[in-house]
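Peer 1: Kindly produce the complete structure, drawing on both the sequences and the hints.
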Amino acid sequence: MAVLLIAEHNNKNLKPFTLNAITAASKIDPDVHVLVVGSGCENVAKEVAEVSLVKNVLLCDSPNYQNYLPENLAPLVIKQSEKYNHIVASANTFGKNFMPRVAAALDTSQVSDIIKVISPDTFVRPIYAGNAFATVKSNDKKKCVTIRPTSFEPAPKTGGSAQVEKVNAVDVPNFSKFIKREVTKSERPELGTARVVISGGRGLESGENFKLITDIADKLNAAVGASRAAVDAGYISNDHQVGQTGKVVVPDLYIAVGISGAIQHLAGMKESKIIVAINKDGEAPIFSIADYGLEADLFKALPELLSELNKLNTIQK
Amino acid sequence: MKILVAVKRVIDYNVQIRVKEDGSGVHSDNVKMSTNPPDDNAVEESVKLKESGKVKEVIAVSIGEDKAQETIRKALAVGADRGIHVKSEGYIEPLGIAKILKKVVEKEKPDMVFLGKQAIDDDCNQTGQMLAAMLNWPQSTFSSKITLKDKSLEVVREIDEGLETIEVNLPAVVTCDLRLNEPRYASLPNIMKAKKKPIEQIVAKDLGVDITNRVHQIKVEEPPKRKAGIKVSNVAELVSKLKNEAKVI
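Residue numbers (my numbering), protein chains in the order written: chain A, 5 to 321; chain B, 977 to 1225.
Worth flagging that the hints you see were computed from the coordinates, not collected in a lab.
Wrong hints could be hidden among the right ones.
Stated by the list, open to error - Far from chain A, by Cβ distances over 10 Å, these chain B residues were calculated:
(1) 1064
(2) 1083
(3) 1100
(4) 1114
To be verified - Covered by chain B, per the in silico footprint, the following chain A stretches (three or more residues, Cβ under 8 Å):
(5) 38-51
(6) 207-218
Note that the Cβ used here is the ideal one computed from N, Cα and C, for glycine as well.
Peer 2: And the structure:
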């Protein structure tokens, strides 16, 4: 039996992390079927059908699913799950929201946030904010699994030629209502997939001072992140938070500025390839995981960094 | 109205986790324990709703060994009215916890169940959603602002792209984000008063639900350690290292 993956999209385009989840799904079972559920999302289904590794696409197009309310999504996924051994989705706010509803209805114990597939029933997942890795084996017949996208490479967007099969909508309970979504718009790369991330912490002291961070982000074509302390203090919006309860990022270069390195922040960035820490406190825990540490006052160091970067002839994008 | 708020006793978030050498788990003996942080937000929000006059009673429930009562006492000390301790041994998965909570909900008939969005020990992020599904109630996860209306809740949720506002009919399950509120500290007089508040004890296995774990933990390991890096003396050296040594800019 095949694996059913629930695609994340905005009814127009596929969200990039679905590609990473497709790779993970293919390691569970090469027969990867993708359910595209939404409203007016036919183009997304076509996009998914072209993704390498995808063998079949199920399209359920109905106004019921326009805003992906979990109360509406779950009954459809449960109905479609009959023919599958595994139901999988990304472990982000999309997958985390609906998947446990599906698992509970199927009386299945969900395996959350896997970072490695050992076999179709055995997975590795981080626990305690990534301070330990647990290898777990699911004894459930039908398995619900969410995937940490940054732990898997994205599947190639082309090379596939799957059929798109239409499936019918099912009744929805009508006890929850979508009101609005405030999407933070940014010209910069998305935090979850950026090659370079520069993050600010409480050391920035104000929201205005984040300009020191964004100036360098623009120079490096980097995404802007933040510690929970900076978000809680209101310096920057929540969607920038990196950490155990924020986003997990694995960029080639992570620059932590004015961030002490609380356990919960490290959980979101310590798998980055190169870590730079700039902090005036030489004892800050962030230095213990940084490849390059600069003990300095960030208000002096960041303008200097910008001027040094300006001197470079070329910068990788 | 009535709120049931679920609290979990976990290793304190400031404790450096140590993995056991035999791979069976992490050290938890003689380690500081406290309430799972977002559960504190769930308690705070419940108490605030009670103070607003719209909610009459807040019941704190915890599942676990006898020491789980400390977590309930803490909730009572900041304003919950009474507690329910479901006594159990060992680790129970979110699926089992949700089944136990469903039984408590059926008995207490609350209008809302509040929980933290995620426990910081197993990091599963499942229990609230599972409970909502089992009760066939709507849910609001990652909630950072809650407005109680006559028969519904309007909730702002933190999602990857930004913020989402939804309305859920009551009864509903709400999982709370750390930014929902600022949990208060218990005053000494209130800690003393909390000792007199009742905690009912129920034994998990008497509830008649199957809480056998389905996911077997084979081993627990330390994650790969990062190699210690170097300190650079100035910004120019940093940029040179990034350009020529790490080759990332």
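Peer 1: Each of the hints needs a verdict: does it hold here or not?
Peer 2: Hint check results:
The beta carbon of residue 1064 of chain B is kept farther than 10 Å from every beta carbon of chain A, the shortest such distance being approximately 16 Å. At roughly 19 Å from the closest C-beta of chain A, the C-beta of residue 1083 of chain B stays outside 10 Å, upholding its exclusion from the interface. The beta carbon of residue 1100 of chain B sits about 5 Å from the closest Cβ of chain A, which is not more than 10 Å, so the claim that it is off the interface is violated. Non-interface call for residue 1114 of chain B relative to chain A: violated, since the shortest CB-CB distance, roughly 4 Å, does not exceed 10 Å.
Counting residues of the segment 38-51 of chain A whose beta carbon lies closer than 8 Å to any beta carbon of chain B gives 0, which falls below the threshold of three, so the coverage claim is violated. Beta-carbon proximity to chain B at under 8 Å applies to 0 residues in the segment 207-218 of chain A; the threshold of 3 is not reached and the given coverage is violated.
When the structure is compared with the earlier hints, violations turn up for hints 3, 4, 5, 6 and for no others.
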